[in-house]
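Undergrad: Assemble the complex: chain L is given as a structure, and chain U must be docked to it using the hints.
Just so you know, the protein sequences line up as chains L and U, in that order.
If you use my numbering, the first sequence closes out at 238, no skipped numbers anywhere.
If you use my numbering, the second sequence closes out at 1118, no skipped numbers anywhere.
The set of hints was computed from the structure by calculation and includes no laboratory data.
Source: prediction; values computed, not measured.
Please note that the accuracy of each hint is not assured.
As the list claims (entries may be wrong) - If we take Cβ atoms under 8 Å as the criterion, some of the chain U residues that face chain L in the derived model are: (1) ARG1002; (2) ARG1005; (3) ARG1007; (4) PHE1017; (5) TYR1046; (6) ARG1051; (7) VAL1079; (8) MET1082; (9) GLY1087; (10) MET1088; (11) TYR1091.
Unchecked claim - Taking CB as the label site, the calculated pair distances span: (12) PRO1056(U) to ASP108(L): 33 to 39 Å; (13) ARG1019(U) to HIS80(L): 33 to 39 Å; (14) GLU18(L) to ILE1107(U): 53 to 59 Å; (15) GLN1043(U) to SER237(L): 30 to 36 Å; (16) ARG141(L) to ARG1005(U): 37 to 43 Å; (17) ASP16(L) to TRP1013(U): 31 to 37 Å; (18) ASN149(L) to ARG1019(U): 45 to 51 Å.
Ideal placement from N, C-alpha and C gives every residue a C-beta, glycine not left out.
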Amino acid sequence: MNQSTNKYTFKIFRYDPERSPRARYDTFSLEVAKGMTVLDCLQAIKASQDGTLSFRRSCRSAICGSCAMNINGKNDLACHLQVSLLGGRTVTVDPLPGFPVIRDLVVDLEEFYRSLERVLPWLVRSSPFPDKELPQSPAERDRIDSAVNCILCGSCTSSCPSFWFNTRYLAPAALLKAYRFIFDSRDEAKGERLELVDDRNGLWRCRTIYNCEEACPKLLKPNEAIAALKIEALKQSV
Amino acid sequence: MRRYRYRWGEGMWAYIFHRVSGAALIVYLSMHIWVIHHIQEGQAAYDNLMRIMDKPVFRMGEAALLAAILFHSFNGVRVACMDSRFGMRNYRATFWLVFAGSAVLGIAGGMAILFAGK
Chain L
1 MNQSTNKYTF KIFRYDPERS PRARYDTFSL EVAKGMTVLD CLQAIKASQD
51 GTLSFRRSCR SAICGSCAMN INGKNDLACH LQVSLLGGRT VTVDPLPGFP
101 VIRDLVVDLE EFYRSLERVL PWLVRSSPFP DKELPQSPAE RDRIDSAVNC
151 ILCGSCTSSC PSFWFNTRYL APAALLKAYR FIFDSRDEAK GERLELVDDR
201 NGLWRCRTIY NCEEACPKLL KPNEAIAALK IEALKQSV
Chain U
1001 MRRYRYRWGE GMWAYIFHRV SGAALIVYLS MHIWVIHHIQ EGQAAYDNLM
1051 RIMDKPVFRM GEAALLAAIL FHSFNGVRVA CMDSRFGMRN YRATFWLVFA
1101 GSAVLGIAGG MAILFAGK
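So here's chain L without its partners, still in its complex pose (with noise of 0.2 Å):
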């Protein structure tokens, strides 16, 4: 197959504590075919030029949300972003932002992954399971429609300034797990999950910036789950 090649500068964000503390970028040259993802080219980069280049990755179908990271400023999935669709000649690769760095592209999630659990983000219920199923209206499943399809890539957290400058935020993505449960018509912990959000760490503190919109892969919209929580908290409020 005749694909035209094209040749791009990658300037990747270089940390490995063991060798130094201090960070660097380090610069390849990469001949690009037509349709590569920015995944593509990271592997093409560990393989044939630098082997210790470290990043997650895994499904390469933009499912598992594992290869996130900051590309020429933005958060997205290394592994549908198509470099062609970047502007320029050089791609700039950084871990995501606002998580401490492990490794070169490679954050600790701890503090993603914690403020998720305060959410509670499974299905509570009192009432006794039904026998078979636990059904659901289609105009019921649409309101939680766009939250269930959340990858857990931690783009939109890492992308709001509120909580680079305060990690105890809920931050977008834990609140948008818990709008998941909190409009899904069988959860039985509305009030419960409420009360965790409406706090100064959780709803509040969004300041509207819309990072999080912009920077989910899916298309999602966190700050539209988080404009109806604040709604509702209000409505329990008086």
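TA: Using the frame of chain L, we list chain U on its own:
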């Protein structure tokens, strides 16, 4: 420092301008109370202070204050609307609307402040 290299969009600028204009309003209110309290020192002292306040540097400060008040007010309404799920999808356009409105009214009002009585 990596986080500061994040791509700056309209939402980030709206947030920064809102914070800076809010801080400017707090500084102004403190100065205003300090100026007003000179009334108790008698008319001569107060008139003397007012003459100082009429200098171009303070008039320019008043013009900047007007711009800060306009942006903070308009953006405050914008944020309240978005928190009420109104205009969320158009948050970029509404930022530019707020910015342009503040700039036009700020420049017009600023000219009036700078050249008043001239």
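Undergrad: Give a verdict on every hint.
TA: Results of checking the hints against the structure:
Using the Cβ-Cβ criterion of 8 Å, the hint placing ARG1002(U) at the interface with chain L is satisfied: the shortest such distance is roughly 5 Å. Using the Cβ-Cβ criterion of 8 Å, the hint placing ARG1005(U) at the interface with chain L is satisfied: the shortest such distance is roughly 6 Å. For ARG1007(U), the suggested interface contact is upheld, since its CB lies about 4 Å from the closest CB of chain L, less than 8 Å. A hinted interface residue such as PHE1017(U) counts as satisfied when its beta carbon comes closer than 8 Å to some beta carbon of chain L; here the least separation is about 12 Å, so the hint is violated.
Here the hint on TYR1046(U) is broken, as its CB sits about 41 Å from the closest CB of chain L, past 8 Å. Because the smallest distance between the Cβ of ARG1051(U) and any Cβ of chain L comes to about 42 Å, over 8 Å, the interface hint for this residue is violated. A hinted interface residue such as VAL1079(U) counts as satisfied when its beta carbon comes closer than 8 Å to some beta carbon of chain L; here the least separation is about 5 Å, so the hint holds. Hint status for MET1082(U): holds, given a least beta-carbon distance of 5 Å to chain L, under 8 Å.
Contact between GLY1087(U) and chain L, as hinted, is not supported at the beta carbon level, the nearest pair being about 11 Å apart and thus beyond 8 Å. The closest approach between the C-beta of MET1088(U) and any C-beta of chain L is roughly 6 Å, which is under the 8 Å cut-off, so the hint is satisfied. Annotation: interface hint on TYR1091(U) holds; nearest CB of chain L at approximately 5 Å, less than 8 Å. Judged by the Cβ atoms, the range 33 to 39 Å given for PRO1056(U) and ASP108(L) is violated: they are separated by roughly 54 Å.
A C-beta distance of roughly 34 Å is found between ARG1019(U) and HIS80(L), which places it inside the suggested range of 33 to 39 Å. Distance hint check for GLU18(L) and ILE1107(U): the Cβ-Cβ separation is about 57 Å, which falls inside the suggested range of 53 to 59 Å. As the Cβ distance of GLN1043(U) to SER237(L) is approximately 51 Å, the hint placing it in 30 to 36 Å is violated. Against the hinted window of 37 to 43 Å, the Cβ-Cβ separation of ARG141(L) and ARG1005(U) comes to about 40 Å, which satisfies the hint.
Separated by about 35 Å at the C-beta atoms, ASP16(L) and TRP1013(U) satisfy the suggested range of 31 to 37 Å. The supplied range of 45 to 51 Å is broken by ASN149(L) and ARG1019(U), whose beta-carbon atoms lie about 33 Å from each other.
The structure does not agree with the numbered hints 4, 5, 6, 9, 12, 15 and 18 stated previously, though it agrees with the rest.
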